[in-house]
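A.B. asks: Residues per chain, in single letters:
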Amino acid sequence: MNEIFRPNAGLLFMKIGTHAREDLKAIIARKTEEIRSTGFGMWGYGGNTCHPSSMVQPFAKSFEQRGQTIHLCMEQMLSNHFAEPLCAAEYSADGMTWHEIPETIRVLGSRYALVIDQLREERFILPLNQTRVPIGPSMGRLGSRYIQGRVDKACLEVLEAPELTNAADQREIEINLVATLQAPYAVFLRGQR
Amino acid sequence: MNGPIGWISKVTRRVIPSPTAVQPVPQQSTLPAERRRVDLRKAINAVSDVVQNRPRPLRIFDQIHMKTGDMVLQSEMIADWADQKRLAFIGDGDAISVCVAYLRARDVLNFGPSHITVFDFDERTVEAVMNFADRERITNLDAQLYNVLDAMDPGERFDCFYTNPPWGASNNGESVNVFVERGMEATGHTGEGVVVIADDDELEWPKRVLASVQQFSAREGFYVSRMQRKLHEYHLDDAPGLKSCNLYLAALPGNKASRQSGAITDPRRLENFYGLSQEPRVRYVRARRRLDYGVAHEDEYELEFLEVSGE
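Same order as they appear, the protein sequences are chains A and B. If you want my numbering, it's the 1-based position in the first sequence plus 1214. If you want my numbering, it's the 1-based position in the second sequence plus 1394.
Think of the hints as simulated: they come from the structure by calculation, not from any bench. Each residue gets a CB set at the ideal place from its N, CA and C atoms; glycine is no exception. Wrong hints could be hidden among the right ones.
To be verified - Across the chosen pairs, the derived CB separations fall in these ranges:
hint	chain 1	residue 1	chain 2	residue 2	range
1	A	1278	B	1528	48 to 56 Å
2	B	1531	A	1404	36 to 44 Å
3	A	1339	B	1528	54 to 62 Å
4	B	1694	A	1244	25 to 33 Å
5	A	1293	B	1504	49 to 57 Å
Claimed, not checked - Partial selection, computed: residues in chain A whose CB lies under 8 Å from chain B:
hint	residue
6	1263
7	1265
8	1267
9	1269
Stated by the list, open to error - Short derived list, chain A residues pointing at chain B, Cβ under 8 Å:
hint	residue
10	1275
11	1309
12	1352
13	1353
14	1355
15	1363
16	1364
Generate coordinates for the entire structure from the input sequences, incorporating the hints supplied.
C.D. replies: Here you go:
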């Protein structure tokens, strides 16, 4: 247990690695500088498992109402991500009202982005069998049974205790990198610049 | 039971050695005498035509498409269930309506509804149905732009309804009940319906939703006539293993509507309609006009020409 991983806490788990042909070290350096110069950064992502308005925003708001902060907990992995490194031009929290992305922020090869600050290296073990999905069509499913196959990211809630099973793999994940989500938590991206 | 699944799956197994052949096979005593075997290849290719024509789903409205293999089986089941009846689809992003009509029009099935109308708030879906029906000369298939929160005026009464609505994970199935209510109204509260909703043994919310829908249906004078469990899979990245069932409803004898159809404005029914904190705000999804419908969009590609010698 630590400040991030404690019962009833909300966290967004994500596997990370090379993205849009840029290696992780370069991404971290770039995002750290974005946060320093802008006050926040945008962590690009894709897929449909953490849709900005139907998953991440209501999830984060429900924890915000309880006075809690959502942490983005990232597990480093080896990956090839061949998406074109196209730089998004605009962002929107609701898909209707669009704003220009600040010049100091570059989000590459992504349809969505998490709005983050306090990006830092931090190592701890995340037992996925002590988490559950609190929102969406998989609501109630244990994190250890949800994060598998193509599902590489999830909104999760920490349980009081891990599920007791005889499963050989208890799905203990090593987290390497952490950030804090900032309102509006997740946004849609469009355009190129 | 003349179980359509059992029937088509038997057919499927037998067709595999020679998928292109339409072979007359002696009628099985358990099958209706007038029905013949399904040519699986023709059925899959017909559904493929429909999938090609279908607009892409909008996740913000919980539009999630059924996988194609399950669409083939589902279409056959629905065609069988609604044979020679007037069938209303209350929303249909999957395009099961088109599959059912097209399989009959192509003579892949020799049974099916006498008429199908799709009521959907997505103009892309409505236009896709109408364009497909026009192109394939399917005269018993049409579609109307309709938001489920508005009063239902079906014109001529339908015999049965089909709906695969937002599954109501965050509102205890109330969004399902809204769609079911419109379906019941389309039949004058005297018909039958199929409701396609989540079905999962591990999760709690699908069980609560199933209970909620059954309770609502009972209050409206309908009973559950049968249930086909865990039939369909979806292109749903955040719940890839989640399946849905067919819940069959039928009106009790002599059932009557307890009220006239009206707009649904009760905030309690609208809360979390499309998911947590996702209240309905949009009356219609309007289609953008484009001339390249059905082929690659011009903004997807650019041409790099061969070099011409001498230039």
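A.B. asks: Each of the hints needs a verdict: does it hold here or not?
C.D. replies: Hint check:
no.	hint	in the structure
1	A/1278 - B/1528: 48 to 56 Å	holds (50 Å)
2	B/1531 - A/1404: 36 to 44 Å	holds (39 Å)
3	A/1339 - B/1528: 54 to 62 Å	holds (60 Å)
4	B/1694 - A/1244: 25 to 33 Å	holds (29 Å)
5	A/1293 - B/1504: 49 to 57 Å	holds (51 Å)
6	1263	holds (4 Å)
7	1265	holds (5 Å)
8	1267	holds (6 Å)
9	1269	holds (7 Å)
10	1275	holds (6 Å)
11	1309	holds (7 Å)
12	1352	holds (4 Å)
13	1353	holds (5 Å)
14	1355	holds (6 Å)
15	1363	holds (7 Å)
16	1364	holds (7 Å)
Consistency note: the structure conflicts with none of the earlier hints.
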